[in-house]
Structures are given as C-alpha cells and as structure tokens.
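Those sequence lines, one after another, are chains A and B. For the numbering used here, count along the first sequence from 1 and bump the result up by 792. For the numbering used here, count along the second sequence from 1 and bump the result up by 288.
The set of hints was computed from the structure by calculation and includes no laboratory data. Don't be surprised by glycine CBs; every beta carbon is placed ideally from N, CA and C. Don't take every hint at face value.
What follows is a set of in silico ranges between Cβ atoms, one per label pair, in the way DEER data are often shown [what the hints assert, rightly or not]:
{"no.": "1", "chain 1": "A", "residue 1": "895", "chain 2": "B", "residue 2": "456", "range": "38 to 48 Å"}
{"no.": "2", "chain 1": "A", "residue 1": "936", "chain 2": "B", "residue 2": "439", "range": "41 to 51 Å"}
{"no.": "3", "chain 1": "A", "residue 1": "1112", "chain 2": "B", "residue 2": "344", "range": "45 to 55 Å"}
{"no.": "4", "chain 1": "A", "residue 1": "1047", "chain 2": "B", "residue 2": "302", "range": "54 to 64 Å"}
{"no.": "5", "chain 1": "A", "residue 1": "1063", "chain 2": "B", "residue 2": "350", "range": "40 to 50 Å"}
{"no.": "6", "chain 1": "B", "residue 1": "439", "chain 2": "A", "residue 2": "1061", "range": "27 to 37 Å"}
{"no.": "7", "chain 1": "A", "residue 1": "1234", "chain 2": "B", "residue 2": "439", "range": "45 to 55 Å"}
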Amino acid sequence: MSVDFKEFFGSGNDITPTRVGPDFQLILDNFMAGIQQRQIGFLPRSSQGRLWWYGFAPTPRQQRETLAILDSWIGPTFSDLPHQRGALNPTDPFDAVLANASVKPLRFEVLPRRTADSEEWKHARSRVRDALLVLTKLLNGRPPSEFDAPRTTVEVLDDLGHAIAARDRAVALACLRELEATADLDQANLAFLRLRLFAGLEDWKAVLADRDLDHVLAMRRPLSVTQVIQQAAYATWFAPYDAAGNEEELLGAVTALPAAFRPLFSGTPRTSRAQAVVEFLIEVENDTGDDTLNRLLDEAGTIEPGLPAHLRNVLYLRREQSPQHSAPSEPSAPEDQLDSSSESPLERATGLMARGELQAAIKLVLTLEPSLHAAYLLLTCARDLQSPQQAALALEYISTHHLQGLIDGASARLRDDLAWLEQFTQAGPRLDWRTWLDALDGDHGSATLATGPEITDGWTPLSSSALTAWLHDASDGTLGKLGELGGQFMAAHRDIFAEDGAAELSERILAGLALSGKNSAGVRVQTQALLDYLLSANPASAVFASALEWTELIVSANVSAVTTTWAIDILQAATATSAAATSPATIELFYKITNTVRPFKSALNPTDLEAIKLIASELGAGVPEDLLADQVQDADPGAPYRYLQDSKVVLYSLTESATTRAAQILRILVPKIDIETSAEHDGSSKLAAQAANADVFVVVTASAKHAATDFIAAKRGARPVVLVNSRGSSAILRELAEG
Amino acid sequence: MRRITTVGAGETRQLTDLLQNLLVSELLAPSSRLWVLSPWISDIVVIDNASGQFKSVLPALPARPIRLTEVLIDLARRGSDVRVIMRDESRNAVTGQRLTDLAPVGPRPSLLIRNTLHDKGMVSDRFHVHGSMNFTFFGQRVNQEGVTVVSDPDQIARAWVEYQNRYQLP
C-alpha cells in the first residue's frame, strides 16, 4: 500500500505534521510508519474546523474488518460511521484523489463538530485519538491468525474436488495455486493434477495449451492422465468429423495430429468413444498390423454398436490412399499362429509390446524361459496396462522364477517397476469407491479415505442406484464424514447429481456438508451447485424444506465478513423457484440468513442489499431495518452497471435461478436495460438469434455445456462474450461491474 | 542411468569422456533445448580435439581443446535454446561475459542469475546429468563428486517439468 503522505498533508488538509506538538507528531510518525509496513493505520485531516480520520488497510478484507471494529470502537457517539459506513465523499476533491487507491481508505468525521458554545468537541477529538492509538496497537500487535497456516494437502485436495464438481474455475485454480505453494508434491504430480483439473472443467484448450504437456507426453504417466489428453485431442481434432460421420475429414485430421501425440496409444482396454477413436486413428496412421486394428475394432463394438463400421471405413479409405495394403482380415488370427519363422518368441513379445498389444505380450512372455529381458517385458507391460489380473500374473512369474535378484542388479528403472508391481498387487481388498464408502462408515480405513486423486481417478464411479441406496441408508455420522472428505467423491459422481436431477441425492449431500460443520471455499461452491441441481429437479415439498434447513446450517458455518455475498447468493438461488413461493420453509430461510449475515452487515455491498430487498418484496417479508440503515445515502449501487444502459444484454446459464436473479437486480439498477436470460440448448434458433443480436452476452461457463459455449462464441463472431467461471448471480454481476 | 563418482585425484577419465560424448552428440544433432545449472561455473575444457579426433564427424571443430562456452554458443547458433543458470559471483563473471560478449551477433545462450541456486546439472532432450559437480575446474578435477547420467525419456521429461517451473525465465 503506497500512500503519498506529502500529498495527504497538503492541499485540503490544515494539519502540517511538522507544526503540531511533539506528542501528536510522534503519534503521526507511528501511524505513517505502520501504513508503510502494510499495517492498519490512521491519518487525520482537518479542514474548515471539521476533523476527519482516514483509515488505511492493506487488503480489502482488512478494510472490511477495520470498518466493523471501528463501528464498535468509535461508534455513533463520536463519529458518522453508522450513516456513512466509512465511505469517501466523491464530491470532495481531497477524497477523489484517495478514491483512486486499490484499497480505498475508510473515512469518518469526529462528532460533535466544533462549536463556540461547547467544549465537548475537544473531548471527542481526544477520545477518538486515544481510541485509535489503542486500536492500532491491538490490531497490529495481535498474533498471526491460525488460519494463515497452510492447510494440509488432503484439505486442499478435498476443496479442489468440490470445485471441480461444481465447475468453479476460480476456486479450483486457487486450490491448485495453494498446492503449488504449500504442498509437498513434485512438479510432475502438479502437472498431472493441473491436467485433471482442466479435464474436470472440460477445458480441452487449456489441456492442450498446458506448459508441461510436451514433457507429460514424454514421460510415463498415470492412465487417467493419458485419457485426459486423449479426450482433449479428440475434442480438438476429431470430434466434429466423428460426430458428423465424415470419415475422409477424420483421416485428414489424424494426419494433422502433431507427432508429440502419437504416444497416446495406451494399450489398455478402451472405455469411451473418444479413447477408442483416438487410439484407432493413431494406430491407422502408424500403419499397425491387422491384429491390433481388429482387436481395437472389437473393443469399439462394446462401446457403441455402430462405431466399428465407422472406423473400418476410415481404415479402408486409408488403404485406398496407400494401395499396397489389403483390407483388414475379418476374423483375427490367434497370436500364436502369426509367428514368422525368423523371429524368436522374445522378439515377437517385444514387437507386441511396441505395438501396444500389452496383454498379448504378457501372455506370450509367461510361456517363455525366465530371463532379464522377459522380466523387463513383463514389468513394462504390467505397469502400462495397470490391470490387477495381469499384474498378479507378472508378479507370480517373477517370484516363481526367482528373478528379483536379477532385477535388483539390473537398473533403477526395473527396480522401480518391480516395487510398483509389488505395491499394486498387495494383498487386501481392491480399493474402489465402494470400499471408500465402507471406510467412511466405520472407524477403520483412514488410509483409504486419504487416497489422492492419482488413485481415485482410476476408480469406476458408482451407479446412480447404488449411490441412492448408500445415501439413503447412511447414518448422520457417516454423512458428516462424507461432507468433510467428499470432494474427490463428488468430482467423480458429479454427473449423477447433475444429469439425473435426483433431488433426494442432493438433499442428502447437503445434509452431509451441514453435519460436517465444515467451512471452506469448496463447501461453499458445492452448496451452490447442489442447490441448483435440487431446485431444477422439482423437489417434493418435504425434500425442499429439509434441504433449506441443511442449507441454513451450512450458511451459519460458512458466513464471515468475506462470504456474505455468497450467503446472499444462496438465498437468491433458494428463493428463485416456484417451489419456494409456496413453501413456508422459504421465508424461514430468509429470516435465518438475514439474521446470520447481520453481524457482518458492513460487508454487504449495495447489490447484496438490493437483492435482499427484492427477495423480501417477493416473499412479503420485511427487511431488517438495521441492514438498510447501513446503506450509504449518496452511494449509487447502479453506477458500475451504468454503461449497460440502452444495451441488449443476454445472460446464459443452465442455473436459471442465478440468471433470473441477476436480471431482476440489473433491471432495478439500470432502468433502461434490455435484458434476457437463456438456458437454451446449443443449436437452437433462439439461442442463435440471442447470440447474434445481443450487445453484451454473458455465459456462465461453470453452468453451461461446452458445446453451447462454443456455439455462442461462433455466433458472436468477433464480438466478445463475457465468461463467468462461478455459479451464482453475484459472480455474473461482479463480472459485469468490472466491464 | 549411470552413476559416476570421482575421488578427487586429478581428472577423471570417466567423467571427462562422458561430458565430451554428450556434448559432441549435441553438436551433431542439437536438442531443441539445453540448460546448464551450475552455481559456480568456469570455462572448462569439455571436448579434447587437440589431435583433431572429431574431424570426421565435426569437420568445423578446430583442432584444439574446446571450451564449454564455445560449445554452448555453437549450440545456440545451431538453433538450440541454451540457458545457463548460475549465481551472481565474481568467479562466474568471465564465463558469463564470454557467453554473451563472444556471441555479439545472432542467437546466444541466455543467462539467468539465481543467487540461491545450489542445484547442478545439464539437461537436454536426450540426457540429464545431475549431481554434486559444478562445471568448474575444481568440480571436474579436484573435488570428490557424484554425478548421475539419465537417458530415460520419462526421467528427462520429469526433470524438464521441475526445471521449467523452478527456473523459467520471466
């Protein structure tokens, strides 16, 4: 924080520090030194017989905190704080200069003003000066907050999971930065985590633009990371042609695939269309033999019935272009019949591994005489394949033939691979989401619960019915534990909550978050997302009322001077549906939340107050008077949005409650605005028209399908699209206020 | 991966040969990037071409001992992104100056000063040499050092990720 003290004690201020008494001079020196050291400090200004103090804080958070403390410390007896809330006077040239600071100073006038017939003003000035001295000593001398201590890696990863599940980019990136700064993770693991995060946000461009991608492609990486890159490559190069069934273009696209992406062939059984298409096309381009291609086609058939024929056409086209090849032989010949006489079995196995036929390579090696080469093939294939069955076979072969000694004396890489194999095949139940939930249920399995995303990413998500059954039977204690540790779980099962629209499921998770009593950014964004899923699923009145009760508990645990806007967002979302209008639970929630934010009323911004007034009028409730009394009289809440006057604005989000609320508030604040909301699917003519005609188009990427965002961007052409990375109406309004 | 330890009794043939082989291979086919991390660095001889033994593969190489800065400047001119990361020490000044002053025209190695640097290594697209040795006379010939050479693509890629994140030029 840089304050120009010369300017402050210049024009508009009658106080000259060198001309005041030595005691006051010392006080001013101390205040100025504190401000320079980024501490909280106060400076006086006297003009035309009136005295103001200006409070300087280094961060907006400390500024809000200082205002709340000043409110109690100086109070209405000696200041205008209750009315002016520390706001600067924009019409005063002295204040106008100060208003340019990144953190605006707080201003209050010492009351009563100077009068000829009373000496009380002298007493007030001395009391305020003494109070400020003590206040700064206490504030700047207090021990550092325990909340400044770095959080554990598990806590941050949990928040990261919640942020990915709620598609909140801002919170997710903040978690990643926190991990980079404080967690004991090496750079390769951080790079893997970053790629997983971008995949969770479906930001394929960011995956491909990652600074470490080239290196990640060159290194041995977890299967889940390979799948993320495959998905990104598919979305970027192949998806449009694949969806349109355009095989010729698809073949052209694979030729354009950069060479660095050729190692994307994983050799593992394929689980998605993207994976099947990418791996098949890479193998076609690599001119791989018919056995591998036939196996890939068979696997593609298990993913989607029509996919093999589509891919086979691509292969025919490729072979037409290079006619020395024949069409793929229909039934693939068994591996052992493809032996060419000049090749030894070990060479054949090496060839199979090089072509990505990992299972076939392992199968062949298991029949051979033990040797270091055989061990190398087994270890490499088993590690890349990550299949428990194949890993167990490989380890059994190595143990039976006593190859450990040979491996120990060979190379660090083989030793490392053997250590991995032993760990991977360790006796005990295979870990998956079911065992993770079992661990939540009992006192055992704390190691399972602390499993990081590197492991959990490989687990198959539970089915909707299994999840419903578990949540239905879970005790309050278990649900509380899920609320405390469930970030990665929610990230893995997001689709069930988002797509199925099962209100009861969201209500149970909200209960878990409430029972955990947890206070974190991840919990806050997750609450917003769950409320959104719940409300869009037309919940029964009992489920709705129960969800609001849990929400109120979450709000109580999470509210603070810096989260009041989030609390108001929750209130806006919960009251924006037709279910809310008829439920008595809604009005209860309104009073509970306004009561909860009351201690932090000075942190409420003018837009929050507008929102409270709007909801109160809808519900026929009264706004607590003290909240409105805090509204600065001459402050204009609509000023940041004035530039939108006479413009056509479209707000796009699948979270309709957020866009509805944001639109309502903007209509109040900017009278001549033409505003529409949209939750249309991509490709609809209405969305196309809105995208083409709007002056300002806002897309909430945290609650929009990727295809819709691309569709809107394409229709907008060169005109900008305002992207909002968080849910909630405040995020939309904040982005618009920043222009 | 290969581990070489030196006992400090004069120049170690293994280490000298290793550096020479790696850098000659770089001159033959320059990597896209080559970074040298050495808190203390001096212009040591890295290729012994006194009798012109590399004439057949590198005809342009002068028949004399070739110094580290010469190789790095040449690699930069051949299109490699050469970066030298070192401390701001008076002992490093001569090498730093040679890397920049002797290459007044055309591409030249970038210098990055990190006064807390204690990591030592050299990494290209095809190898990663790391250990306790500074690229100095004492490191090469006097001190007892342990140096590891890695050619595994996985480990080289991990080293790049680590170095790029730690020492990326602003």
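Where does the structure disagree with the numbered hints, that is, which hint numbers, in rising order?
Those not satisfied are hints 1, 4 and 5.
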